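Undergrad: Protein chains in written order, with the working numbering: chain H, 1 to 425; chain U, 1 to 83.
Keep in mind that the hints were calculated from the coordinates and are not lab data. One or more hints might be untrue.
[Stated by the list, open to error] Calculated cross-link-like contacts (lysine to aspartate or glutamate; reagent style DMTMM-like; alpha-carbon spacing at most 25 Å):
1. H:K61 / U:E12
2. H:K72 / U:D2
3. H:K134 / U:E12
4. H:K74 / U:E20
[As the list claims (entries may be wrong)] One-sided excerpt, in silico: chain H residues whose CB lies under 10 Å from chain U:
5. S71
6. K74
7. L135
[Stated by the list, open to error] Computed beta-carbon distance windows for the label pairs:
8. H:V127 / U:N68: 43 to 51 Å
9. H:I140 / U:I64: 15 to 23 Å
10. H:Q62 / U:I81: 29 to 37 Å
11. U:E22 / H:D43: 25 to 33 Å
12. H:L210 / U:E22: 49 to 57 Å
13. U:N40 / H:V42: 39 to 47 Å
14. U:E22 / H:V42: 43 to 51 Å
Every value quoted in this text rests on a predicted model; they were computed, and no experiment measured them. By construction, the Cβ of each residue, glycine as well, lies at the ideal position given by its N, Cα and C atoms.
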Amino acid sequence: MADRRVVITGLGVVASNGVGVKAFDEALKNGTSGIKKQQDMVDAQLRCQIGGIPEISDEYKQTYLPDLLVSKIKNHAVINGLLAGLEAWKYAGLPVDKDEVDNESGIIMGSGALGLDYTTSQKVQAVENGLSRKLGSFTIPESMSSGAGAFLNSLLGLGNRVLSNSSACSTGSEAVLLGYEHIASGKAERMLCGSTEGDGIYIWGGFDALRVLCADSNDEPTKGSRPISNSLGGFVPSSGAGALVLESLESAKKRGANILAEFKGGYVNSGGQRNGGSLTAPNFKAIISCIKNTLATSKIEPGQIDLISGHLTSTPNDVNEVKCWVESLGLEAAKFPFINTPKSMIGHSIAAAGSIELVACVLQLQNNYIHPNINCDTIHPELSDLLIREKVPSKTLYQEVNTLIKANFGFGDLNCCVVLQKWKG
Amino acid sequence: MDKKKIIKELIEIITPYVPEKELIDNIDESKELINDLHINSAHIVDIVLDVEEKYDIMIDDDAIGKMNTVGESVSMIMEKIKS
């Protein structure tokens with residue numbers, strides 16, 4: 001049986017520069033940074049003392065969550081995942097039945113180290129002080145890697161596959177690709193897909209120790225994340241969540257859903273931690289193979305691509321990534337697509353990066369713009385012959401984007417790449 | 001301490017854990033927390049913690065097993081406050 005067509009019908013997002021799809025869309029167009037100085041990083045004397053944390057009002061939580069969850073859930077990754085997931089479900093116009101289970105719908109809500117969120121420190125302290133009996137019933141669901149998805153389904157009641165993948169920084173795009181494959185092969189009609197990330201020194205301290213975070217912009221937080229620029233200094237950590245409702249074309253048409261974009265396909269692989277790949281570094285041959293296989297499975301020619309949404313974390317690896325894109329697509333500089341990443345504005349949301357960035361991708365397809373890649377006044381010298389300056393926009397370009405390719409790469413030498421296309425009916 | 005006051009305070013504590021708000025409107029001492037008020041059994045642990053904090057008392061595992069109804073819970077709280 002040929003794969004079924006799969007479309008995107010809902011979006012939800014919690015990002016450091018915008019909570020909710022509308023605010024995020026505006027922030028992307030305006031090139032708004034969500035990066036601020038973080039007091040807990042200062043107090044813990046981290047080298048990097050800036051990060052992006054979404055500012056979520058109690059009113060916003062109350063629009064989506066029952067009072068009990070508003071008052072009890074403290075883990076930011078769980079809250080972010082719940083809010084993004086519920087917004088996407090509502091955006092898609094899908095119902096919530098209090099009694100019946102929807103067996104045609106499922107959830108894939110990935111996470112990284114969900115239990116390392118800042119708020120977990122209180123639980124650890126309680127146990128160390130001999131007060132484990134005071135932990136309450138939420139401690140386990142709030143710290144298990146599948147916690148965000150589990151709480152989400154306590155509200156949605158979905159009966160198809162409910163899974164939380166974990167693949168480092170490629171978690172988010174992989175979650176969406178897994179959902180696509182599940183629907184394309186006929187096993188579900190709708191999948192709520194995304195990923196979430198918490199915040200604080202227990203997650204970010206470890207990255208700081210690896211010397212991969214930006215340590216030169218503590219007094220100028222919004223200037224810290226500079227993907228593709230001539231001053232690649234390290235990534236700025238951030239938290240948040242993104243969610244997309246994927247749906248079979250039949251299901252979307254049958255219920256008259258508003259189709260936002262088509263998911264054309266994608267590919268995942270690993271570099272096997274060989275030939276330059278390691279726990280923390282990519283094997284470039286594998287990246288190129290992943291991109292080429294994505295084009296083949298999506299039946300897209302390089303020349304059709306209007307925009308690359310890169311992984312581009314603002315580390316020296318941006319140079320290697322761009323070289324991989326250039327080699328994979330085989331296009332001369334003049335015909336090379338535009339290239340950008342929301343990381344320039346929101347930093348690197350680690351496990352949530354892929355899903356937040358895919359929400360940004362759909363918004364650019366849907367609303368005809370290419371958001372800026374801020375803080376890149378000068379392209380990195382090693383890329384100046386490969387990339388024409390205009391291909392890395394400093395200001396929002398208002399123009400139609402028909403086909404977009406997006407990749408994320410993760411620790412463990414993991415790669416994920418997907419193609420989305422504008423929906424024209 | 002006044003029993004009526006404790007009933008009122010206990011209802012305030014358990015209200016967030018009751019999934020259907022109509023059940024709170026018809027609450028009385030005979031209602032069972034799990035079977036009648038549909039409170040998720042895992043949340044009994046949270047209610048006990050909230051009660052302990054409110055009255056500065058300690059409710060041990062044996063006592064939790066005797067708090068099936070609203071009335072039994074109120075009696076348990078009054079007993080622990082006295083002792």
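Undergrad: Check the following: the C-beta atoms of N40 (chain U) and V42 (chain H) are separated by a distance inside 39 to 47 Å.
TA: 40 Å, holds
Undergrad: Against chain U, with CB atoms and a cut of 10 Å, does the hint on K74 (chain H) hold up?
TA: Violated - the Cβ of K74 (chain H) stays beyond 10 Å from chain U, reaching only about 13 Å at its closest.
Undergrad: Taking the closest Cβ pair, is S71 (chain H) under 10 Å from chain U?
TA: Constraint on S71 (chain H) satisfied, holds at 6 Å.
Undergrad: Let's test the interface hint: is any C-beta of chain U closer than 10 Å to that of L135 (chain H)?
TA: 9 Å, holds
Undergrad: With 25 to 33 Å as the target window, see if E22 (chain U) and D43 (chain H) comply at their CB atoms.
TA: Given range 25 to 33 Å: violated, Cβ gap about 48 Å.
Undergrad: Does the alpha-carbon distance linking K74 (chain H) and E20 (chain U) stay inside the 25 Å limit?
TA: 23 Å, holds
Undergrad: With respect to the beta-carbon atoms only, verify the hint that E22 (chain U) and V42 (chain H) lie 43 to 51 Å apart.
TA: 50 Å, holds
Undergrad: Can the restraint linking K72 (chain H) and D2 (chain U) be considered satisfied, given a maximum Cα separation of 25 Å?
TA: 29 Å, violated
Undergrad: Hint says 15 to 23 Å; check whether the CB-CB distance for I140 (chain H) and I64 (chain U) agrees.
TA: Roughly 18 Å apart at Cβ, these two residues keep to the hinted range, so it holds.
Undergrad: Given the hint that K134 (chain H) pairs with E12 (chain U), test it: the Cα-Cα distance must not exceed 25 Å.
TA: With Cα atoms ~20 Å apart, K134 (chain H) and E12 (chain U) stay inside 25 Å; holds.
Undergrad: Taking only the CA atoms, is the gap from K61 (chain H) to E12 (chain U) under or equal to 25 Å?
TA: Holds. K61 (chain H) to E12 (chain U) sits at ~21 Å (cutoff 25 Å).
Undergrad: With respect to the beta-carbon atoms only, verify the hint that Q62 (chain H) and I81 (chain U) lie 29 to 37 Å apart.
TA: Since Q62 (chain H) and I81 (chain U) have Cβ atoms about 34 Å apart, the given range 29 to 37 Å holds.
Figure legend: structure checked against the earlier numbered hints; hints not met, in rising order: 2, 6, 8, 11.
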